[in-house]
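Student: Sequence:
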Amino acid sequence: MTAEDGATSGVLATCEHRAKKSLFKAKEVRKKLKSCKRLCEECERNPKNGTIPENVKAEVFICVSCGCLTCATHAKKHCEAPRTGEKHPLLLNLESCQIRCEACDLILAPMDAPQDLVRLFCNEYRSFVKTKAEPKTNGKAVDAKLSPDELEQDLKHTRSTQDSTNVPLTNSKKADSKDLERKRGTFSTEYMIPAKGLVNLGNTCFFNSVMQCMMHTHHLTYYFLRFGKVSSLQFREPQTVIVNEEKVELEPATISVPSEATPLNSVLRGFIAEFHCGATPSPGPVFSQISCKTPRFKGYQQQDAHELLRYLLDGLRSEELERYKSGISSYFGVSPKVNKKLIDPETVKLAKGYLQAAGRPLLDMVFGGTLLQTILCSECGHVSERHEQFLDLSIPVTLNGFGRFRPSRSAVPITEGRKGKKRSRQGKRIMSGKNGDIREGDMVGVREACGVYDDDRYSDDEIDRLAAGVNRLDFTKVLVCPPEEYTDGVCSIGSCLLEFTAPEQLEGLNAYECEKCCVPRNKKMKAIGSQKKRVCALKRYLIYEPPAVLTLHLKRFQQLEGMCGKTSTRKLSGHVSFPMMFDMAPFCCRNVERLAPGEKRLLYSLYGVVVHSGSLSGGHYVAYVKSRHRLKQAHVFLEFARTTCADKLSYQNGTTIDDFCDESDLHNEGQWYYCSDSQVLAVNENRVLSAEAYILFYERVL
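Reading the sequence shown from the start, the letters are residues 1 to 702 in full-length UniProt numbering.
In case anyone wonders, no lab produced these hints; they're calculated from the structure. Every value quoted in this text rests on a predicted model; they were computed, and no experiment measured them. Please note: incorrect hints may appear among the correct ones.
Derived EDC-like pairs (lysine to aspartate or glutamate); straight-line CA-CA distance at most 16 Å [unchecked claim]:
id, residue 1, residue 2
1, K25, D105
2, K526, E513
3, K76, E41
4, K32, D105
5, K25, E95
6, K539, E692
7, K533, E507
8, K477, E561
9, K571, E388
10, K571, D583
11, K533, E513
12, K349, E245
Let the hints inform the model, and build the full structure from the sequences given.
Tutor: Next up, the structure:
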């Protein structure tokens, strides 16, 4: 059984033994755990060479029926042992708190039913052993005031308790290989998993810091359980889409989706599943796959963590999109390898239309959101609306508070330099909306620059006219007003997002070609280039569809253009404050989607932080991650977001966001860890909040 098969069968298949109450004897288990060492009894009775293998000590199962302790090698023997009455197929992993049925060859995931025997037994076991321990290192709690350098020094003299007690599954020579594959393909969402260190492959701290956050993104387990299951795209009704500013009529169709290799998704799935079964996962296979898709990472040079994250997410999405493209090409009888110039233009247009109508890739269910872009014409007052998809938000760093720090025209983010411009030319954004066009392709990110509002660039009359237009047309109404603290001069992610969503002037070289008062005139005059009429306008971005996982990238690295075309780079160092619980409502439009009726809050809880220390020429990336239980309401946000994905064409649902969340569920307890490559250290919240964040990962809780 492959890791991928194991994940599916281990969660989705049924087991007849899980419902037999006679097999669950908690009293026998408690009695055994109180009176014996946690070692395999068979290995203790018959040790090879007089010693007990280290892997046996690290991985022990206990029979839920009789309390017998066994290892993975002897588990089947215990299950098939002759005895009066029923066999004993159910075994509890003492480390991961997962129950496995040896007879059915399945991992039994707890169900939501209140009388589910698996859930009740696991909860009772966790309560008995009191797994919730105080975070300590060398007998003392970690000092929240330690600097990153001091933490590094401390790590040289101490190891995480998790690293010293857990042996990677890949190093277990005695365990059955089939059993290992099965466990690598399963995911746990019912218990807190301590952070694990990742080996540095050679200047790969930027990669390890991102992977730590991915390992602690609970929603990815749901993604991998659904990924690859779409076997057909079913378009049941006729529909009209816009492709390259032209209407395309689509007829009802059923398009078969072929099974194709998805190597990056496969290795990432195995990587995360390995972590979920208590092992220390190897980052090598994932990094190799990313390097294959993006050769710039092959040289083991220092790279940007945010760029790595974008290439990783793009790579995962593209593997799914390629399957849909292949299916659509076959539907029209065209080979995907044929030059598009040789294909009938009408066929190409229809193919793009079906791909667009299919919806977003499944990964967007986790990270995907949508911005509403509105542009207000200063002359005719026309408002244009367009929806722009994103996987993360790159926000400007307002180090002196909102309205004080403003990048000049010569200050351009590094991603907008020569390399950034090349990427922006190659990448295609997916945008749709009123009076807008739609371009199909892989999304490389969202809006790389935030405009600067400079009153000196407009005359008083123009400003008055624009302001009147704003009031008259109810331009850019937000769900709730931002709190005053975002404008008090303190740099925070609130002030940075306020800058990101602030109205931006379009004038000069960036003047706007209004589709109401400019485009008709330009077409009539056959104007081209500088002959075209353009007008001043105001543009604003607000959140329209909030993501299940909100990823905020603080734009700390900038490229400065000086005299004679020379450029220089700089890093915007300094602390940007961020909370454990963050409300995104002030940055959402009034008609925001994915929100319960009447709700005015949109709360996110922090679980991952990527930090860069040092300079541009030499620095180090670390991560802070939170080990925590999965939230009960998480599946609701995921299911609602899934309605925008291609997955919906095969699996319909009626999920709605309603008043389902108990206030007590918002504050999810857990343990924070400081991760510097292979070194891991438990820390408290104050240590995390004092970090100089570069990338922040929040999961939605309300």
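Student: With reference to the structure, classify each hint as holding or not holding.
Tutor: Verification of the supplied hints:
Between K25 and D105, the direct Cα distance comes to roughly 21 Å. Violation of the 16 Å bound is thereby established for this hinted pair. Using a Cα cut-off of 16 Å, the hinted pair K526 and E513 holds, with the two alpha carbons roughly 14 Å apart. Only pairs whose Cα atoms come within 16 Å are accepted, and K76 paired with E41 is accepted, the gap being roughly 14 Å. For a cut-off of 16 Å, the pair hint linking K32 to D105 is broken: about 25 Å separates their Cα positions.
Restraint check for K25 and E95: the C-alpha separation of about 19 Å exceeds 16 Å, so the hint is violated. A hinted pair counts as satisfied when its Cα atoms are at most 16 Å apart, and K539 with E692 does not qualify at roughly 31 Å. Restraint check for K533 and E507: the C-alpha separation of about 12 Å stays at or below 16 Å, so the hint holds. Distance restraint check for K477 and E561: the Cα-Cα separation of roughly 36 Å exceeds the 16 Å cut-off, and the hinted pair is therefore not satisfied.
For the proposed pair K571 and E388, the alpha carbon gap of about 28 Å is over 16 Å, so the pair is violated. Of the supplied pair hints, the one linking K571 and D583 is violated, its CA atoms being roughly 28 Å apart against a limit of 16 Å. For the hint linking K533 to E513, the alpha-carbon distance of about 7 Å falls within 16 Å, and the restraint holds. For a cut-off of 16 Å, the pair hint linking K349 to E245 stands: about 11 Å separates their Cα positions.
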